[in-house]
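Asker: Based on these hints, arrange chain B on the given structure of chain A.
Residue numbers (the working numbering), protein chains in the order written: chain A, 2 to 289; chain B, 2 to 289.
These are calculated hints, taken from the structure and not from any lab test. Where hints are given, some of them may not hold.
[Unchecked claim] Pairs of lysine to any residue residues, derived as SDA-like cross-links and limited to a Cα-Cα distance of at most 20 angstroms, are as follows:
1) B/Lys271 - A/Met231
2) B/Lys271 - A/Lys9
3) B/Lys256 - A/Leu237
4) B/Lys84 - B/Glu119
5) A/Lys270 - B/Met231
6) B/Lys270 - A/Glu241
7) B/Lys270 - A/Trp82
8) B/Lys271 - A/Ser205
9) A/Lys80 - A/Ser205
10) A/Lys92 - A/Glu66
11) A/Lys256 - B/Ala249
12) A/Lys271 - B/Lys84
13) B/Lys270 - A/Arg226
14) A/Lys256 - B/Glu229
15) B/Lys270 - A/Glu234
16) A/Lys256 - B/Glu116
17) B/Lys256 - B/Glu241
18) B/Lys271 - A/Lys29
19) A/Lys92 - A/Trp82
20) B/Lys256 - A/Tyr258
21) B/Lys256 - A/Glu66
22) A/Lys267 - B/Lys84
23) A/Lys270 - B/Glu234
24) A/Lys5 - A/Arg38
25) B/Lys84 - B/Leu47
26) B/Lys256 - A/Lys92
27) B/Lys256 - A/Lys9
28) A/Lys8 - A/Lys80
29) A/Lys270 - B/Glu119
30) A/Lys9 - A/Ala54
31) A/Lys256 - B/Asp255
32) B/Lys92 - B/Glu116
33) A/Lys267 - B/Lys271
34) B/Lys271 - A/Trp232
[What the hints assert, rightly or not] Pulled a few chain B residues facing chain A out of the computed Cβ check, cut under 7 angstroms:
35) Tyr45
36) Leu47
37) Arg48
38) Thr138
39) Asn143
40) Thr169
Glycine is no exception: its CB is placed at the ideal position from the N, C-alpha and C atoms.
Number of protein chains: 2
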Amino acid sequence: MKLKNDKKILIVGLGLLGGSYARALTEKGFYVSAITRSDSSIEYALREGIIAAGSTKIDEKLIGEADIIVFALYPHIFKEWVKENGHLIKKGAILTDVTGVKGNIVYEIQALLPEGIEFISAHPMAGREVYGVENSTTAIFNGANYIVVPTEKNSAEAIELCSDLGWTLGFADVSVLTPERHDEMIAFLSQLTHCIAVSLMCASSDPDLTRYTGDSFRDLTRIARINENMWSELFLENREALLLQMDAFRESFDKMYASVRDRDEKEMKKMMRLSTERRALFDKKQRG
Amino acid sequence: MKLKNDKKILIVGLGLLGGSYARALTEKGFYVSAITRSDSSIEYALREGIIAAGSTKIDEKLIGEADIIVFALYPHIFKEWVKENGHLIKKGAILTDVTGVKGNIVYEIQALLPEGIEFISAHPMAGREVYGVENSTTAIFNGANYIVVPTEKNSAEAIELCSDLGWTLGFADVSVLTPERHDEMIAFLSQLTHCIAVSLMCASSDPDLTRYTGDSFRDLTRIARINENMWSELFLENREALLLQMDAFRESFDKMYASVRDRDEKEMKKMMRLSTERRALFDKKQRG
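Just chain A, with the same shape it has in the complex (with noise of 0.2 angstroms):
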């Protein structure tokens, strides 16, 4: 491990998932700080003892004595907030994200900041359908996976300090992708999937469905209820590869339309044989 307990922690964006990390690293011993726009986040988090200090301004102290910033806001503010406060953190601090897709902004942090200061993305794959510190739990992190998410301009000791982060918040897995192929897992995972669920639940009208609804509906539509700035601003950025996956769903949904419209119960006992037998790798693995 090369994370340890003595390195000062600030987050940068004390929501849902700034709040869970600052969570578990106070839980671990680490000093954890705090920077977010809301008075009322920042009292709760030090009433809770989440955090051991706190400001809702650009606080010049806590940001030069942080040895790791984790950046946990929405991504076009993160480049804005680099730009204006790049100057004032500490030489060979290290500089993490919660960001969900990477593409361009990966590179785009990395060129930003001042020689010294090290960018290493990372994605962890953790959240829940609510939003602020005050519902923050390291309990989403219990079988979930993170992803580290280096380009070559990282070194071997960031990605493995990064990496120890993902361990240390207790994911039950951390793996390592280039940021191409991350957006590419993203947008078939998670975008598309998001994708799915609104155009499902923008499909009828029909205003006696809640009384007749069952537990496939429930699980299919759960991710249905969906903040638009946040996830508006992930498709854009993701578009292209995004795209190219709803391309490939539409195609086998449409491969499934025929099997019905044809009575063509072959293909459909195919597809639904397939279904079965790849899903059934994707249950949850805790750790340990």
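Answerer: Here is chain B on its own, set in the frame of chain A:
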């Protein structure tokens, strides 16, 4: 309550659902028997005290003494069974089922039955991704919906008795729908969702996906583990209603596709907001 626990109830088909019925009704003090093909299912159910009597063959005594018969097998076997054994059922008995698609089968069964025996159809919207009486549990009825599906031939008494059965089993809500309206609802809420999950699972053969999956993909594809014999039959039984709902979904998905392709953030957010608003109404309500 029309349904008193001095009634003798016969379950035909002791799988997950039939077994869960047997458990709930035995708990409530009913005399419950079962006919099912597998020796081990009967042995298990007797050993566990879920049923009082059982047989793997047509048993004239069990059929003849039953006040209520619950048919919990595939639709196409249902018709054959009634043709061959309808004459063994006692006058005044009520026959019900758990079939997921109603359409013609309700009218066909009603036409097949001897005078004095009434078939009142029902759809318990409960299930799990596992099969067999060994996995049966009354927990699947918690928070779930039960639909009584009468035709004009049914008596008010039978509709009430069948509703009582739903409440007795422990469902959160019991409602009444015509076969046609039931099938329209179910095409959207159940068959379409399974079509989508299977299509998504078949859309990518990338072997690395399992390592990077998150909960949104797991939730969306939970039902992609599917019994291909049962579901291909349900799809084809409800073919016309299903194709209409598949069309509606495709139209909605195409709209989302266009908004991503055209970078139409306004339309994308509009869909996401509608989706979020509607989905909030579908959360599970617990009874009491």
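Asker: None of the hints should be skipped; say for each whether it holds.
Answerer: Comparing the hints with the structure gives:
Distance hint between B/Lys271 and A/Met231 is fulfilled; the C-alpha atoms sit about 13 angstroms from each other, no more than 20 angstroms. For the hint linking B/Lys271 to A/Lys9, the alpha-carbon distance of about 42 angstroms lies beyond 20 angstroms, and the restraint is violated. Note on B/Lys256 and A/Leu237: the hinted pairing holds, with a Cα-Cα distance of about 15 angstroms set against a maximum of 20 angstroms. Distance hint between B/Lys84 and B/Glu119 is fulfilled; the C-alpha atoms sit about 14 angstroms from each other, no more than 20 angstroms.
Between A/Lys270 and B/Met231 the alpha-carbon distance is near 10 angstroms, which keeps this suggested pair within the 20 angstroms criterion. Between B/Lys270 and A/Glu241, the direct Cα distance comes to roughly 19 angstroms. Compliance with the 20 angstroms bound is thereby established for this hinted pair. As the CA atoms of B/Lys270 and A/Trp82 are separated by approximately 25 angstroms, the hinted pair breaks the 20 angstroms bound. This hinted pair checks out: B/Lys271 and A/Ser205 have alpha carbons roughly 15 angstroms apart, not beyond 20 angstroms.
Distance check on the hinted pair: A/Lys80 and A/Ser205 sit about 39 angstroms apart at the alpha-carbon level, beyond 20 angstroms; violated. Between A/Lys92 and A/Glu66 the CA atoms are separated by roughly 10 angstroms; this keeps the pair inside 20 angstroms, and the hint holds. As the CA atoms of A/Lys256 and B/Ala249 are separated by approximately 16 angstroms, the hinted pair is consistent with the 20 angstroms bound. Straight-line distance between C-alpha atoms of A/Lys271 and B/Lys84 comes to about 32 angstroms, which puts the hinted pair past the 20 angstroms bound.
Restraint check for B/Lys270 and A/Arg226: the C-alpha separation of about 12 angstroms stays at or below 20 angstroms, so the hint holds. At roughly 16 angstroms between alpha-carbon atoms, A/Lys256 and B/Glu229 fall within 20 angstroms of each other, so this suggested pair holds. A threshold of 20 angstroms between alpha carbons decides the hint, and for B/Lys270 with A/Glu234 the separation of about 10 angstroms falls inside it, so the pair holds. Between A/Lys256 and B/Glu116 the alpha-carbon distance is near 45 angstroms, which puts this suggested pair outside the 20 angstroms criterion.
Distance restraint check for B/Lys256 and B/Glu241: the Cα-Cα separation of roughly 23 angstroms exceeds the 20 angstroms cut-off, and the hinted pair is therefore not satisfied. The suggested pairing of B/Lys271 with A/Lys29 is violated, with an alpha-carbon distance near 42 angstroms, which exceeds 20 angstroms. For the hint linking A/Lys92 to A/Trp82, the alpha-carbon distance of about 17 angstroms falls within 20 angstroms, and the restraint holds. Between the alpha carbons of B/Lys256 and A/Tyr258 the distance comes to roughly 18 angstroms, so the proposed pair stays at or under 20 angstroms and holds.
Proximity of B/Lys256 to A/Glu66 is assessed by CA-CA distance (about 49 angstroms); at most 20 angstroms being required, the pair is judged violated. Taken as a hint, the A/Lys267 and B/Lys84 pair is broken in the structure, with Cα atoms around 28 angstroms apart against an allowance of 20 angstroms. Of the supplied pair hints, the one linking A/Lys270 and B/Glu234 holds, its CA atoms being roughly 10 angstroms apart against a limit of 20 angstroms. The straight-line distance between the Cα atoms of A/Lys5 and A/Arg38 is roughly 29 angstroms, outside the 20 angstroms bound, and the hint therefore fails.
With a C-alpha separation of about 28 angstroms, the suggested pairing of B/Lys84 with B/Leu47 is violated against the 20 angstroms cut-off. For the hint pairing B/Lys256 with A/Lys92, the CA-to-CA distance comes to about 48 angstroms; that exceeds 20 angstroms, so the pair is violated. Taken as a hint, the B/Lys256 and A/Lys9 pair is broken in the structure, with Cα atoms around 47 angstroms apart against an allowance of 20 angstroms. Distance hint between A/Lys8 and A/Lys80 is unfulfilled; the C-alpha atoms sit about 24 angstroms from each other, more than 20 angstroms.
Simply put, A/Lys270 and B/Glu119 have alpha-carbon atoms about 35 angstroms apart, too far for the 20 angstroms limit, and the pair is violated. For the proposed pair A/Lys9 and A/Ala54, the alpha carbon gap of about 11 angstroms is at most 20 angstroms, so the pair holds. Straight-line distance between C-alpha atoms of A/Lys256 and B/Asp255 comes to about 16 angstroms, which keeps the hinted pair within the 20 angstroms bound. Between B/Lys92 and B/Glu116 the CA atoms are separated by roughly 8 angstroms; this keeps the pair inside 20 angstroms, and the hint holds.
Proximity of A/Lys267 to B/Lys271 is assessed by CA-CA distance (about 39 angstroms); at most 20 angstroms being required, the pair is judged violated. Between B/Lys271 and A/Trp232, the direct Cα distance comes to roughly 12 angstroms. Compliance with the 20 angstroms bound is thereby established for this hinted pair. Taking 7 angstroms as the C-beta cut-off, the interface hint given for B/Tyr45 is violated, the closest approach to chain A being about 24 angstroms. The restraint placing B/Leu47 at the interface with chain A is violated, with a minimum CB-CB distance near 30 angstroms, outside the 7 angstroms limit.
Nearest Cβ of chain A to the Cβ of B/Arg48: about 29 angstroms, over the 7 angstroms cut. The hint is violated. The criterion of a C-beta within 7 angstroms of any C-beta in chain A is not met by B/Thr138, whose closest approach is roughly 14 angstroms, and the hint is violated. This hint is violated: B/Asn143 has a C-beta 11 angstroms from the nearest C-beta of chain A, more than the 7 angstroms allowed. Of the supplied interface hints, the one on B/Thr169 is violated, with its beta-carbon coming no nearer than about 20 angstroms to a beta-carbon of chain A, more than 7 angstroms.
Going through the hint list in order, the structure does not satisfy hints 2, 7, 9, 12, 16, 17, 18, 21, 22, 24, 25, 26, 27, 28, 29, 33, 35, 36, 37, 38, 39 and 40.
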